[in-house]
Structure formats: C-alpha cells, structure tokens
Amino acid sequence: MFDVTSRITYKNVPNWHRDLVDVKDRKVKAKTITFHRKKNLQYYDISAKSNYNFEKPFLWLARKLLREPEP
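Residue numbers for the sequence shown follow the working numbering, so the first one is -14 and each next one is one higher.
Worth flagging that the hints you see were computed from the coordinates, not collected in a lab.
Ideal Cβ placement from N, Cα and C applies to all residues, glycine included.
Take the hints with a grain of salt, since some may be wrong.
What the hints assert, rightly or not - Subject to a maximum C-alpha distance of 30 Å in a straight line, what follows is the list of computed BS3-like cross-link-like pairs (lysine-lysine):
{"id": "1", "residue 1": "12", "residue 2": "-4"}
{"id": "2", "residue 1": "49", "residue 2": "12"}
{"id": "3", "residue 1": "23", "residue 2": "12"}
{"id": "4", "residue 1": "41", "residue 2": "12"}
{"id": "5", "residue 1": "-4", "residue 2": "34"}
{"id": "6", "residue 1": "-4", "residue 2": "49"}
{"id": "7", "residue 1": "41", "residue 2": "-4"}
{"id": "8", "residue 1": "24", "residue 2": "34"}
{"id": "9", "residue 1": "41", "residue 2": "24"}
{"id": "10", "residue 1": "34", "residue 2": "12"}
{"id": "11", "residue 1": "-4", "residue 2": "24"}
{"id": "12", "residue 1": "49", "residue 2": "24"}
{"id": "13", "residue 1": "34", "residue 2": "23"}
{"id": "14", "residue 1": "41", "residue 2": "23"}
{"id": "15", "residue 1": "12", "residue 2": "24"}
{"id": "16", "residue 1": "49", "residue 2": "34"}
{"id": "17", "residue 1": "49", "residue 2": "23"}
Said to hold, decoys possible - Okay, the calculated beta carbon distance ranges per label pair:
{"id": "18", "residue 1": "26", "residue 2": "-11", "range": "16 to 24 Å"}
{"id": "19", "residue 1": "12", "residue 2": "53", "range": "31 to 39 Å"}
{"id": "20", "residue 1": "39", "residue 2": "12", "range": "14 to 22 Å"}
{"id": "21", "residue 1": "29", "residue 2": "-4", "range": "21 to 29 Å"}
{"id": "22", "residue 1": "12", "residue 2": "51", "range": "32 to 40 Å"}
{"id": "23", "residue 1": "53", "residue 2": "-7", "range": "29 to 37 Å"}
{"id": "24", "residue 1": "54", "residue 2": "0", "range": "32 to 40 Å"}
{"id": "25", "residue 1": "40", "residue 2": "1", "range": "18 to 26 Å"}
{"id": "26", "residue 1": "32", "residue 2": "-6", "range": "19 to 27 Å"}
{"id": "27", "residue 1": "48", "residue 2": "18", "range": "15 to 23 Å"}
{"id": "28", "residue 1": "-11", "residue 2": "29", "range": "16 to 24 Å"}
{"id": "29", "residue 1": "54", "residue 2": "18", "range": "17 to 25 Å"}
Please build the complete structure, drawing on both the sequences and the hints.
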C-alpha cells in the first residue's frame, strides 16, 4: 500500500516490492508484533501469494473510514 497524500510513498513501491520478493520464507519476529500492540497499530499476518487474510487490512480500513463497529 502507499499513501495517496505522499508522492514519496508511491515512488517507493517498486523498492518495497523488490524487498518483499527477495525475502524467501520470511518470518515475523514476535517483538515486531509486540511493537505494533504497544503503539496501538493494526497488524495483520497476510499472504498475497496464498490470499491468506489478504482482505483483512482493507476491511479494517473501510470500517474505520465508515466508522462502523468491528465484528
């Protein structure tokens, strides 16, 4: 994803894509998930390759924008 209000984030998409593709069997460390919780940030374990939870961040964002309660 990129921020439509920030041109630099859009310009960085190819770099991020390359970085993600270069990593084989990447595992998220537990401290990363803890960091997100401490900072009250959303975290979703997703896989575009297998479509695992792929829709979760988009649904969360749509609910926030529409101010709908989470399930």
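Here is how each hint holds up against the structure:
1. 12 with -4: holds (26 Å)
2. 49 with 12: Holds. Residue 49 to residue 12 sits at ~28 Å (cutoff 30 Å).
3. 23 with 12: holds (20 Å)
4. 41 with 12: holds (19 Å)
5. -4 with 34: holds (23 Å)
6. -4 with 49: holds (26 Å)
7. 41 with -4: Between residue 41 and residue -4 the Cα gap is close to 25 Å, so the pair holds against 30 Å.
8. 24 with 34: Within the cut-off at roughly 28 Å; holds.
9. 41 with 24: Given that 30 Å is the threshold and the Cα spacing comes to 19 Å, the pair holds.
10. 34 with 12: Holds, at roughly 15 Å.
11. -4 with 24: Distance of about 26 Å is within 30 Å: holds.
12. 49 with 24: holds (17 Å)
13. 34 with 23: Holds, at roughly 29 Å.
14. 41 with 23: Between residue 41 and residue 23 the Cα gap is close to 20 Å, so the pair holds against 30 Å.
15. 12 with 24: holds (21 Å)
16. 49 with 34: Measuring from Cα to Cα gives roughly 26 Å; hence the hint holds.
17. 49 with 23: holds (20 Å)
18. 26 with -11: 16 to 24 Å: holds (19 Å)
19. 12 with 53: 31 to 39 Å: Given range 31 to 39 Å: holds, Cβ gap about 33 Å.
20. 39 with 12: 14 to 22 Å: holds (18 Å)
21. 29 with -4: 21 to 29 Å: Between residue 29 and residue -4, where Cβ atoms are some 24 Å apart, the hint holds.
22. 12 with 51: 32 to 40 Å: holds (34 Å)
23. 53 with -7: 29 to 37 Å: holds (31 Å)
24. 54 with 0: 32 to 40 Å: holds (37 Å)
25. 40 with 1: 18 to 26 Å: holds (20 Å)
26. 32 with -6: 19 to 27 Å: holds (22 Å)
27. 48 with 18: 15 to 23 Å: Holds, since residue 48 and residue 18 (Cβ atoms, about 21 Å apart) stay within the stated range.
28. -11 with 29: 16 to 24 Å: Holds, since residue -11 and residue 29 (Cβ atoms, about 20 Å apart) stay within the stated range.
29. 54 with 18: 17 to 25 Å: holds (24 Å)
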